[in-house]
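Trainee: Chains A and B, in that order, give the protein sequences.
Our numbering numbers the first residue of the first sequence as 1 and each following residue consecutively.
Our numbering numbers the first residue of the second sequence as 1001 and each following residue consecutively.
Just to be clear, a hint being listed does not mean it is correct.
What the hints assert, rightly or not - DSSO-like mimics (lysine-lysine), calculated; alpha carbons at most 30 angstroms apart, straight line:
id: 1; chain 1: A; residue 1: K66; chain 2: A; residue 2: K122
id: 2; chain 1: A; residue 1: K89; chain 2: B; residue 2: K1285
id: 3; chain 1: A; residue 1: K89; chain 2: B; residue 2: K1084
id: 4; chain 1: B; residue 1: K1285; chain 2: B; residue 2: K1258
id: 5; chain 1: A; residue 1: K11; chain 2: A; residue 2: K36
id: 6; chain 1: A; residue 1: K11; chain 2: B; residue 2: K1378
id: 7; chain 1: A; residue 1: K11; chain 2: B; residue 2: K1099
id: 8; chain 1: B; residue 1: K1258; chain 2: A; residue 2: K122
id: 9; chain 1: B; residue 1: K1356; chain 2: B; residue 2: K1027
id: 10; chain 1: A; residue 1: K11; chain 2: A; residue 2: K66
id: 11; chain 1: B; residue 1: K1258; chain 2: B; residue 2: K1045
id: 12; chain 1: B; residue 1: K1170; chain 2: A; residue 2: K185
id: 13; chain 1: A; residue 1: K185; chain 2: B; residue 2: K1179
It is worth saying that the hints were derived from the structure and are not from the lab.
Note that this is a predicted model, so its numbers are computed, not measured.
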Amino acid sequence: MNRGIILSAVKNNQPGFSSLPAIENFIQPFTDAVEKYKTILQAIGGNVFEVANCHEAIDIIKDQFKNEKRLVTVDDAFIAVAELYQSGKDAHLLQDVDVAIINAHFGVAENGSLWITEDLVKERVLPFICQHLVVIIHKGNIVPTMHDAYEIIADSDYGFGVFIAGPSKTADIEQSLVLGAHGPKTMTVFIINA
Amino acid sequence: MSDQTKHTTPLQGMGVDHATLSEVFNKDEARVNWHDETLWWIRQKRDKAANTLPEWEQLRETASQIKLNVLSNLSEYLIQFEAKAKANGVIIHWAADAKEHNNIIKDILSKHGVTQIVKSKSMLTEECHLNEYLKEQGIEVIDTDLGERIVQLADEAPSHIVLPCIHWKKEEIGELFHKHLGTPEGNADPQLLTLAARLHLREKFLTRKIAITGVHFAVAETGEFVVCTNEGNADMGAHLADVHIACMGIEKIIPERKHLSVFLRLLARSATGQPVTTYSSHFKKPRQAQELHIVLVDNGRSTQLGREDFRNSLKCIRCGACFNTCPVYRRSGGHSYHTAIAGPIGSILAPNLDMKAYADLPFASTLCGSCSNVCPVKIDIHQQLYKWRQVLVQQGHAPASKKIAMKGMATVLSNPLLYKMAGKTGRWFIKNVSFTVNNKLNPWYKQRDMPEVPKQSFSEWYKKNRKPPSPEGE
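Please construct the entire structure, taking both the sequences and the accompanying hints into account.
Mentor: Rendered as structure tokens:
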């Protein structure tokens, strides 16, 4: 059986035990994580708005995406502007979604990413298959680094989780940056001040 | 395919060595300069990103130590990973070599009666030549990373692990897409070409029932694995397919989830200078009604683990930083390495698999050490290149001309009288009949000329010019 052969070959050939290093939580040169988050997100092609509440966000969404046909959300705070997506349907039915509005657990200042798990999107493909992605996050939920991020994630359970940092992109053609490779062409983040 | 848009030389895969293949690449000097400058620009972006983090060196050291722990306890971590993944509902397979890996994939496809699949970037499947194997079995594989799709349409292999079509000009891609995807003739706008690929591949994502992805990191503690892309192609494939097969080398294990923080901070900054890839996807359990498979592949890795001088090569996280900084890679192109993983890291991985076939690669280096300096997990790449040279010569795999030259050199250097004579003769030859050494048979002279020869050696000069010692001493 392969398993046994591979494992015993590995065991016989691995070097003497070497212990794990401690991971420090490195202090960052920036103090304002929200400002840093905004700067980085914009640098990687994302749009960002600071708003007081969901209503303000809805007004901006209405304006920004007035030409888009199918807006989908999994959060009933946004049913004024988008259809509420119910899970349990075929993921392929999401192929014509123009705008998806979802929540994120938290953001990471150093790289502009947001942590999103399956339960927040109902269908894993939703934040990838939409043409435009809108994500809502609370101002208090932005941490400086990835070390902070994994401290929050800790041993939480999920089927699928993803850090998303900006719209999908490619530079495979002569290193020219193009937004909108296979996933969303734009990403808009609303930071709620409340 | 016209000659202009085909970069793989007919010599590739014919047992021709790096030097010969580089010569083909070097015929077009303007293109070589362009290739060189593009990669150096990416290297500079990496520097800029690294310099934003005061703790960069500490991060590299931490990453290197975590990987050392992994190597020292890999058998236990593999057992732990397997148990956790199984508990998560994942089906685990073990493959001793490339052939077994390919058979496992084929069996899964057959079981589901599937003959068309999508695949996101996986250097392991390149290493195993999965595409060629499946093609022979009548199965169509669509590579979904844009760069990989480009080289696939052109019937080429990727020339770089992160930037698969870095050797392609946009005009050539325009021509290729015009032919295969019907884009307007003569249009080389990256925006338009990318959109065409987006539409072309979206149809594949929506219709294929099985998706293959690679794995960047697999966490022993939780049984989850992480895949990083900028395009979102791994996710589009995996989340729309009924079956997701993830292929990984056994060295991709890391101990705990929190260790991902260290590696994700290093990976994209080292690769392209981005603070992180657009998507860092953590796959833990299959989607409802979906099948999730992981294929754990050895294919020479356990052997490399047993080679004390070379085992650190297994720490590699496939960022490609050593490619971008390497003066030889930049000016010889990925295809001249005639192996799935090119560049400095590929040159220390390949001889482990086949010393005879890849004996030339450790010599395709200036040993300048830049690769080791940028490596995010601090692999001593240039030292391993040097050590491979010694192993290859000892095992009788050195190129014949090198063997004769080295033997001659050893005789001369170990005999003072011969050494003196050789110096004198050499100077005379270069001065008086330079064509006898500066000719086509001596590759050293290809891009070089010798400086003017001194009339005498240092010891001759010293004998003539030294003053007699003063009687009192000074």
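Trainee: Against this structure, judge whether each hint is valid.
Mentor: Going down the list of hints, with the structure as the test:
1. K66/A with K122/A: holds, 25 angstroms
2. K89/A with K1285/B: holds, 19 angstroms
3. K89/A with K1084/B: holds, 29 angstroms
4. K1285/B with K1258/B: Roughly 19 angstroms between the alpha carbons, so the hint for K1285/B and K1258/B holds.
5. K11/A with K36/A: Given pair K11/A, K36/A is violated - Cα atoms ~46 angstroms apart, limit 30 angstroms.
6. K11/A with K1378/B: holds, 24 angstroms
7. K11/A with K1099/B: Answer holds: K11/A to K1099/B is near 23 angstroms, not above 30 angstroms.
8. K1258/B with K122/A: Distance of about 25 angstroms is within 30 angstroms: holds.
9. K1356/B with K1027/B: Holds, because 27 angstroms separates the two Cα atoms, which is no more than 30 angstroms.
10. K11/A with K66/A: violated, 61 angstroms
11. K1258/B with K1045/B: holds, 27 angstroms
12. K1170/B with K185/A: holds, 21 angstroms
13. K185/A with K1179/B: holds, 26 angstroms
Against the hints set out earlier in the document, violations occur for numbers 5 and 10.
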